[in-house]
Amino acid sequence: MMKVIQTQELYKIYNQGQENEVRAVNKVSLEISKGEFTAIVGPSGSGKTTLLNIIGGLDAPTSGKVIIDQTPIEELKENDLINFRLHSIGFVFQSYNLIPVLNARENVGFIMLLQGMAEDEINKRVTDLLKSVGLENQMEKRPTQMSGGQQQRVAVARALASKPKFILADEPTANLDSKSTGDLLDIMEHLNKTEGTTFVFSTHDQRVIDRAHRIITLEDGKIIDDVKVN
Amino acid sequence: MLLKLAWRNIWRNKKRSLITILSVLIAVFLALLMRSMQLGMYKHMIDNVVGSYTGYIQIHGKGYWDERSIDNAISNDKDFTAKIKNTKGVSAILPRLENFGLLSVGELTKAVSINGIVVEEEQKIQDLQGKLIAGSLFKNSGDMVIGKGIASYFKVGVNDTIVFMGQGYHGMLASGKFKVAGIVDLKNPTLNKLTVLMSLQAAQDLFSATGMVTSLVIDKNDNARLHKVQKEIQKKLDTSTYEVLNWEQMMPELQQTILADNVGGMLMIAILYMILIFGIFGTVLMMTQERQYEFGVLVAIGMKKKQLQLLVFIETIILSLTGVGLGVILAYPIMLWKHYYPFQFPGDQAKMMENYGFSAIDPFYIQADLPLAHALLIFSIALVVSLYPIYIIKKIKPIAAMRS
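Line order of the protein sequences matches chains A and B. First residue of the first sequence: 1, per the numbering used here; consecutive thereafter. First residue of the second sequence: 1, per the numbering used here; consecutive thereafter.
I should point out that these hints are in silico values taken from the structure, not numbers from a laboratory. We put the beta carbon where it would ideally sit given N, CA and C, even for glycine. You can trust all of the hints, since none of them are fake.
List of simulated lysine to aspartate or glutamate pairs, EDC-like, C-alpha gap at most 20 Å: (1) B:K305 - A:E75; (2) B:K305 - A:E78; (3) B:K397 - A:E75; (4) B:K394 - A:D59; (5) B:K304 - A:E74; (6) B:K395 - A:E74; (7) B:K395 - A:D59; (8) B:K304 - A:D59.
In silico negatives: residues of chain B with every beta carbon more than 10 Å from chain A: (9) I19; (10) F80; (11) S113; (12) D127; (13) G157; (14) V263; (15) I314; (16) L326.
Start from the sequences and build out the full structure, keeping to the hints where you can.
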């Protein structure tokens, strides 16, 4: 299987060399292949979000390497890194982070506009994506007019819009009720099976962990377990 | 898309945006009315003083303005004037021959300025006919028209005779006996005591200066730029023989008066706009602080910082220019109204102004350059103010911003 994400001896150390030094990510080396449905789990403060931020190029490691689809991202300059994120990584955040002044259709289309896609292509893809997350009837609604679950589904559609190499989802179900969580996981699992979309979650939600195909457990920034689930 | 996003972002906080637009509107509205009144007054003064006699530009022999001697007169041939008349922006050329000498009636003598003019040409810039308070303009070479101050000094009226004596071109004796054809009120006490008008031909004969003039007064089109017309004329003339002066050079005291008054007006505008800068900056500062998280998200999902900076810049510009547009829309009808139906100065103030040659009104200035200048000024303010969010966005780190 083609490796989409590789990290090599990744460290993220705060207050390095001081008494209150914190190793948020401590010598993490992992490989995630295309099509995996991976959950990074662990208690609060275990370094899940920090690891995800570093993999997503949102934060820089203290040392170590992150290679995304053969590109060592720490070598990219700021603008190239933003461009890389735009084309290669889809983000789903805990608090959805949709653009409040845009409706669902515009939020999903926004990423494609940034990519410079033609309007016809955007319209078609937006419709397809919102259908795939079950929101074909909510396309004209703004975030404030939608429930948390619906907003998170728009966020997933937005993350998929750029045809990324993988999607990073940081605690995507943390603010959702059981029904919304179930619906969201169904959608993501479906996309993973049918489209081969690679998902990497950080979570401590058992409902997510139960659906993951691979579970990486972090504690104090270190990988203490990495299991594949059939 | 950026425009749509910017427009919707502005209306996320309707009250704040409306207050900002309103503050720009009020500042522009007040600034326009204030400046329109002030510039209108200056234009009126210039038109009165400059446009009605001195002219916007004059051509002389080199050195004439410093040493106003008839010996510095220039030849006024047709080819020469045709060449100047072809200059863009020149609407009329008025030849004048001016000299000084003594008028005498009985035992009384008075130094005066004799002005040889072509009435039909002068009529284009000054209403001499309208200034007549007795008699008529000169018809014969032996006629002269005198200012009412001279008439009062000599106690003479229409058809009385006055003797002139002076020096003509290159030391020739100039003397003659003239009939008072008319008396004018030039609306300026000094000019009324000094000015004698006669036909150009009569003056040239009197001063033995056939075909000569001391000044060619240039009137320009309303919209032509003074300095541009002056430069164009200068290009056509040999500047070692001729001097081309504009009214600011000929009447520096008038320009100084306007400049001094203008400084006060500018200071008021500066204070007004300083307050405005803080108003706009306050809004932009709040918008920037409130949206740090959102900026972080946008950069995280792949929006380039330059696009984000452009977005915030567009928001600032829309906010400012909407205020400018509305300010102009509200102020301009009032400016037009007060241009065509100007303020009339009351009682004594009106009399004083009329004595100094100004009609006692203040027609507002309505040229498009005024609102345009203010729009540009606000645009520049918006440009400077938007440097703050542009800087913040340049420095933004997505993770830090999303934690804020």
